[in-house]
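Protein chains in written order, with this note's numbering: chain A, 1458 to 1782; chain B, 1274 to 1520.
Just so you know, the hints here were simulated from the structure itself, not pulled from any lab data.
Warning: the hint list may mix true and false statements.
Stated by the list, open to error - Derived lysine to aspartate or glutamate pairs resembling EDC-like cross-links, with alpha carbons at most 20 Å apart: (1) 1738(A) to 1397(B); (2) 1653(A) to 1373(B); (3) 1505(B) to 1489(B); (4) 1505(B) to 1484(B); (5) 1653(A) to 1297(B); (6) 1478(B) to 1489(B); (7) 1699(A) to 1526(A); (8) 1738(A) to 1365(B); (9) 1653(A) to 1376(B); (10) 1738(A) to 1373(B); (11) 1380(B) to 1397(B); (12) 1653(A) to 1365(B); (13) 1478(B) to 1297(B).
Predicted, not measured: the structure shown is a model, and the values here were computed from it.
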Amino acid sequence: MAVASAKMPSPRSRGGLVRFLKSPVFARILFPIAVLIFWYASIGAVRAVWPFAVDVLPLPQEVAGAMWDEIIDPFVEGIQAATRTNVYLTFLTSLFRLGVGFLIAMVLGTLLGLAMGLSRAVDAFWHDWVMAILAMPALGWALFLSLIFGFGHTTPILAVILTGIPFVIVNVREGVRNTPRELFDMAQAFGVTRNKTTRHVLIPAMMPFFFAAVRYAFSIGWKGLVIAEVFGGQDGAGWTIKFWYDAHRAHGVVGYAFFFVIFALALEKLVFERWSRHVFKWRPDHGAVEAVEQAFEVAGVAGTIGTAAYVTGVDFEEFEDEGIQ
Amino acid sequence: MADIKIEHLHKEFGLGEDKVVALEDVNLEISGSVFVSIVGPSGCGKSTLLNIMSQIESPTSGVVSITQGGREAMRGYVFQAARLLPWRTVMDNLLFVQEDPGDSVTKERCQRYLDMVQLGDKGDKYPGELSGGMQQRVGIARAFSVEPDVLFMDEPFSHLDAITARTLRRELHEMWKATGKTIVFVTHDVGEAVELSNRILVFSKGGQLEDDMAIDLPFPRDPSDEAVAVSKAQVLRKFEELDLVAT
Chain A
1458 MAVASAKMPS PRSRGGLVRF LKSPVFARIL FPIAVLIFWY ASIGAVRAVW PFAVDVLPLP
1518 QEVAGAMWDE IIDPFVEGIQ AATRTNVYLT FLTSLFRLGV GFLIAMVLGT LLGLAMGLSR
1578 AVDAFWHDWV MAILAMPALG WALFLSLIFG FGHTTPILAV ILTGIPFVIV NVREGVRNTP
1638 RELFDMAQAF GVTRNKTTRH VLIPAMMPFF FAAVRYAFSI GWKGLVIAEV FGGQDGAGWT
1698 IKFWYDAHRA HGVVGYAFFF VIFALALEKL VFERWSRHVF KWRPDHGAVE AVEQAFEVAG
1758 VAGTIGTAAY VTGVDFEEFE DEGIQ
Chain B
1274 MADIKIEHLH KEFGLGEDKV VALEDVNLEI SGSVFVSIVG PSGCGKSTLL NIMSQIESPT
1334 SGVVSITQGG REAMRGYVFQ AARLLPWRTV MDNLLFVQED PGDSVTKERC QRYLDMVQLG
1394 DKGDKYPGEL SGGMQQRVGI ARAFSVEPDV LFMDEPFSHL DAITARTLRR ELHEMWKATG
1454 KTIVFVTHDV GEAVELSNRI LVFSKGGQLE DDMAIDLPFP RDPSDEAVAV SKAQVLRKFE
1514 ELDLVAT
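Please construct the entire structure, taking both the sequences and the accompanying hints into account.
This is the structure:
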């Protein structure tokens, strides 16, 4: 491993550099860089020994080019001329199905989860069925539903509901069961009405579980939707991935997979994280993460510096020897 | 001020071989502006009695009547842990237990009690931002803010350090003097009971009311005063007579 002692920065800047290397910002930047390096290295190696891999193993710039073509297609060709593989129409179709299915799964799942959490008899009646639905693979639902309902909106919407709803039911039920009994006793001791107790004790206490339900139902439902569209669709994002697969164009398949990732990340950052911050603003920030990092300072520094050294080729051990934190 | 009347109160938990008698044939009357402490060993039914009086639990048999001028008395409760809603601010925790939380008079009253426990400027804080002692103060302010006829307190200072507990005992005494409520206070600390109470009810392990002792000493009481120490010794002697020590 190369040693960079000849061009060591000043102690202040070195301390800043180590802090930066330990920061979440660096970790976030490091991940896509590591993925790109791995991508170029592995595809390059395969292409070197098997030239035909050019068609099935695209490089990052080829995937980016395919994605860019999809993005600008309607503006170049005009909306009328745009094909149904156009990214806007396909995502609009899929999002409509996802939205409807997700909403139904949330409403039904919340009601059933509440009933199962509040009544042992209701729980006993539904428990095995929920577990059975949970165990059913999304592919099973996709094939089964497309046989019954054929191509159209019904199959993917039902696939979203059936893949997502067990997670909502289980999380909401656990949320109800985990609401602190002592807070209900407190409300009862002060003669607070049941309606008010439900709104101000039960629902807020359930929110962490409800958030888990939303996230699970969304991500699992999203996967169920794509599989249903691949096997039982005539349009939509899943169908388009299949289209590129049939056309033997790997850059189209990977490009669409990236559209999914970008959409999911945008939704997480712009909706779920903000909503979560707003709902859980009461949670005290005791710097728990920082405390754990401090407790495992040596291991943390060793891990981060090891990763950084591997990627940059710089030996940071000398920085540590000088007591830089 | 409330009138509390308990007749032949009996409480059991569990069934068959698992059956446990928590309270057995308890008969009791409390009325007026008194501070009554209930003491006894762990498992003697102190908290169960308080929970039955505050309607958190129901008795197996017997009658519990808590009235004020012929109507059902208003109750307040201070728990061992503060039991605040962590997602509501301090002021909203007080407003949660009010019948008319939107009323400006109610808000002023809540603010007044927060001022009394010296947390007047913490109304917009969340419980997680406060120390354990401050949270217990909020619990006390919440109980007083409903202007109860009777206040139930279940070992409210047992989780706190000695200095904070002593400060809060003094504040509680001041609030009791200022408001004249009937207070029923459960504690395992005989010294605390002697420092605060007019009456001490001694319960045995089987949930029986063994003794009803009057503490006729002037307030405020200093634990280091000889008279207070003598009263404490009397109560402890009663514990020894009833074989309640170290059970």
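Right, here's what the structure says about each hint:
1. 1738(A) to 1397(B): holds (13 Å)
2. 1653(A) to 1373(B): holds (12 Å)
3. 1505(B) to 1489(B): holds (12 Å)
4. 1505(B) to 1484(B): holds (14 Å)
5. 1653(A) to 1297(B): violated (35 Å)
6. 1478(B) to 1489(B): Violated - the C-alpha atoms of residue 1489(B) and residue 1478(B) are around 26 Å apart, more than 20 Å.
7. 1699(A) to 1526(A): holds (18 Å)
8. 1738(A) to 1365(B): holds (15 Å)
9. 1653(A) to 1376(B): Cα-Cα ~17 Å, so holds.
10. 1738(A) to 1373(B): violated (26 Å)
11. 1380(B) to 1397(B): holds (13 Å)
12. 1653(A) to 1365(B): holds (13 Å)
13. 1478(B) to 1297(B): holds (10 Å)
Comparing the model with each numbered hint stated earlier shows that hints 5, 6, 10 do not hold.
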